[in-house]
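Enquirer: So you can see what is in the structure, the chains are spelled out below.
There are 2 protein chains.
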Amino acid sequence: MRSLQFTSESSSNGMIERDFTVGDVPGVLWSPASGADRAPLVLMGHGGGTHKKHPSMTGRADRFVNGCGFHVAVIDAPGHGDRPRSAQDEADIAELRKAQAAGEPQGPIVVPFNARLAELAVPEWQATLDALQQLPEIGADGPVGYCGIAMGTALGLPLVAAEPRIKAAILGMMWPDALVEKAKQITVPIEFVLQWDDELMPREACLALFDAFASKEKTLHANAGKHFDLPRFEADSAARFLARHLGRTAVAAQA
Amino acid sequence: MRSLQFTSESSSNGMIERDFTVGDVPGVLWSPASGADRAPLVLMGHGGGTHKKHPSMTGRADRFVNGCGFHVAVIDAPGHGDRPRSAQDEADIAELRKAQAAGEPQGPIVVPFNARLAELAVPEWQATLDALQQLPEIGADGPVGYCGIAMGTALGLPLVAAEPRIKAAILGMMWPDALVEKAKQITVPIEFVLQWDDELMPREACLALFDAFASKEKTLHANAGKHFDLPRFEADSAARFLARHLGRTAVAAQA
Numbered sequence: 152m153r154s155l156q157f158t159s160e161s162s163s164n165g166m167i168e169r170d171f172t173v174g175d176v177p178g179v180l181w182s183p184a185s186g187a188d189r190a191p192l193v194l195m196g197h198g199g200g201t202h203k204k205h206p207s208m209t210g211r212a213d214r215f216v217n218g219c220g221f222h223v224a225v226i227d228a229p230g231h232g233d234r235p236r237s238a239q240d241e242a243d244i245a246e247l248r249k250a251q252a253a254g255e256p257q258g259p260i261v262v263p264f265n266a267r268l269a270e271l272a273v274p275e276w277q278a279t280l281d282a283l284q285q286l287p288e289i290g291a292d293g294p295v296g297y298c299g300i301a302m303g304t305a306l307g308l309p310l311v312a313a314e315p316r317i318k319a320a321i322l323g324m325m326w327p328d329a330l331v332e333k334a335k336q337i338t339v340p341i342e343f344v345l346q347w348d349d350e351l352m353p354r355e356a357c358l359a360l361f362d363a364f365a366s367k368e369k370t371l372h373a374n375a376g377k378h379f380d381l382p383r384f385e386a387d388s389a390a391r392f393l394a395r396h397l398g399r400t401a402v403a404a405q406a
Numbered sequence: 152m153r154s155l156q157f158t159s160e161s162s163s164n165g166m167i168e169r170d171f172t173v174g175d176v177p178g179v180l181w182s183p184a185s186g187a188d189r190a191p192l193v194l195m196g197h198g199g200g201t202h203k204k205h206p207s208m209t210g211r212a213d214r215f216v217n218g219c220g221f222h223v224a225v226i227d228a229p230g231h232g233d234r235p236r237s238a239q240d241e242a243d244i245a246e247l248r249k250a251q252a253a254g255e256p257q258g259p260i261v262v263p264f265n266a267r268l269a270e271l272a273v274p275e276w277q278a279t280l281d282a283l284q285q286l287p288e289i290g291a292d293g294p295v296g297y298c299g300i301a302m303g304t305a306l307g308l309p310l311v312a313a314e315p316r317i318k319a320a321i322l323g324m325m326w327p328d329a330l331v332e333k334a335k336q337i338t339v340p341i342e343f344v345l346q347w348d349d350e351l352m353p354r355e356a357c358l359a360l361f362d363a364f365a366s367k368e369k370t371l372h373a374n375a376g377k378h379f380d381l382p383r384f385e386a387d388s389a390a391r392f393l394a395r396h397l398g399r400t401a402v403a404a405q406a
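Each protein sequence line maps, in turn, to chains G and A.
Residue 376 in the numbering used here is what sits at position 225 of the first sequence, and the numbering runs on without skipping anything.
Residue 265 in the numbering used here is what sits at position 114 of the second sequence, and the numbering runs on without skipping anything.
Okay, chain G solo, but in the shape it has when bound (with noise of 0.2 angstroms):
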């Protein structure tokens, strides 16, 4: 097993901070400062261009340990962050800016570009899991949920489905083609995410993928809007999810 290297650590917001390696995968756990008893741990997968510390992690990140007081995870996708882009990543992004700049639908570029790199990413999330799971504030009979939504879920619903540790997901905003068949060996509870005016995916594609998933329990949240408008309560909402399924109280996302 690669161990887990942590590479500095700092403290804010009541959280603290550290940075820490298995392999040469980068990644990031935050932590209640209060220095938990053994906790939930959450992994969190970022969106596509984006990297394992961008407000939309920190910000989830802040309501799910000083909400919910769970540990929470992020590893840099693969070509994302502080980790190298391929000479096949390099291609995919140059694809994907000139179908963007001439406003052509993206689904055939990313589809085939995140599958690619959920081949690489679920076992490198299997490897962290296996390190995060020595740490003894973590421990490896704990409960663990994932959140992460459009490329967060292109990366992580395969995940789910491969990792019977994973006992509630937060999914959302992704075209169905290379996930239907992996969402129908989910059967945790799921609580999936859309844009209801969402210029790059279409309604029908989401609402087929949320379809998909065998769980009992599932839960579709729309909202008006377009793909980035995604509302801020949300991020309550799935720490409220979290919560109710990782065995913790949502103290601070009842707003």
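A couple of the hints might just be wrong.
Because identical chains share one entry, a pair is satisfied inside a single copy or across any pair of copies.
With a straight-line cut-off of 25 angstroms between C-alpha atoms, the simulated BS3-like cross-links for lysine-lysine are [unchecked claim]:
1) K335 to K204
2) K318 to K377
3) K377 to K335
4) K367 to K377
5) K367 to K333
6) K377 to K204
7) K333 to K249
8) K377 to K249
9) K318 to K335
10) K318 to K367
11) K249 to K335
These are computed hints drawn from the structure, not numbers from a lab.
Given the structure of chain G, go ahead and fit chain A onto it with the hints provided.
Expert: Relative to the frame of chain G, chain A by itself:
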């Protein structure tokens, strides 16, 4: 203006319960036993075949009164609860029972039946609201919300469309046929629930109704399960939604 007559008063579970009539329409008003200052008012519409004190009404009243400090009022719909049924009500209900027994679609019966009741109910609700706003603990200028699912939507959506005093509404689970044009006139924030595996109302019908609202803020909550399996956490979500838009904090609604 028809005035409000209180006919009985009792107290339990932190709430004062006052039965009332406005003209020949019977209703119930639940208020915080702590003797609230002036507080927002939530009107609730009950489901088909039930009444103003059905458990789905008392359960939500508990969350809205004890959780948010609101006043909550429900009136019996025409032909429901303590109100007499007309010959037309009896005929519609007989036809509905026949369709249910035969396992035939209920929409073709429920849609015109409920549209007829809505014609009666909207002015009754408006007279009730006029009378309730004469009470010093409610007042004429305080915010008003609405919450009603299924028949509570068939009767309540036209009320929300007609009534500028209503500032936010929880609706859901109804065919769009008689309601789409009125939904297009509605611009206040909407939280809309549907059951993903509803055996009575096709998913596509409910999605079409949600789509029709002109509201800039509208949220769809779709949960796995059949028509009567709406999860209890949706009542907590409704409390938080109303607290956000009517200006209170959902103290007890954090689970």
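Enquirer: Hint by hint, note whether the structure agrees.
Expert: Structure-based check of all given hints:
1. In this homomeric assembly, K335 and K204 never come within 25 angstroms of each other (Cα to Cα): the closest approach is 31 angstroms inside a single copy and 41 angstroms across copies.
2. In this assembly of identical chains, the alpha carbons of K318 and K377 lie at most 25 angstroms apart only when taken from different copies (23 angstroms versus 30 angstroms within one copy).
3. In this assembly of identical chains, K377 and K335 lie within 25 angstroms of each other by CA distance solely across copies; the values are 19 angstroms between and 27 angstroms within a copy.
4. Taking identical chains as interchangeable, the C-alpha atoms of K367 and K377 lie at most 25 angstroms apart only when they sit on different chains, with a minimum of 11 angstroms there against 29 angstroms within one chain.
5. Only within a single protomer do K367 and K333 lie at most 25 angstroms apart by alpha-carbon distance; the minimum there is 16 angstroms, versus 34 angstroms between protomers.
6. For the identical chains of this complex, K377 and K204 are intra-copy neighbours only, at 23 angstroms inside a copy versus 40 angstroms across copies, given an alpha-carbon limit of 25 angstroms.
7. Taking the shortest Cα distances, K333 and K249 never come within 25 angstroms of each other, neither inside one copy (30 angstroms) nor across copies (43 angstroms).
8. Within a single copy, K377 and K249 get their C-alpha atoms as close as 21 angstroms, which meets the 25 angstroms cut-off; across copies the closest is 45 angstroms, which misses it.
9. For a Cα distance limit of 25 angstroms, the shortest separation of K318 from K335 inside one copy, 16 angstroms, qualifies, whereas the shortest one across copies, 40 angstroms, does not.
10. When the C-alpha separation of K318 and K367 is checked against a cutoff of 25 angstroms, the pair qualifies only within one copy, where the shortest distance is 13 angstroms, while the shortest distance between copies is 34 angstroms.
11. With identical chains, the CA atoms of K249 and K335 are never at most 25 angstroms apart, being 33 angstroms at best within one copy and 37 angstroms at best between copies.
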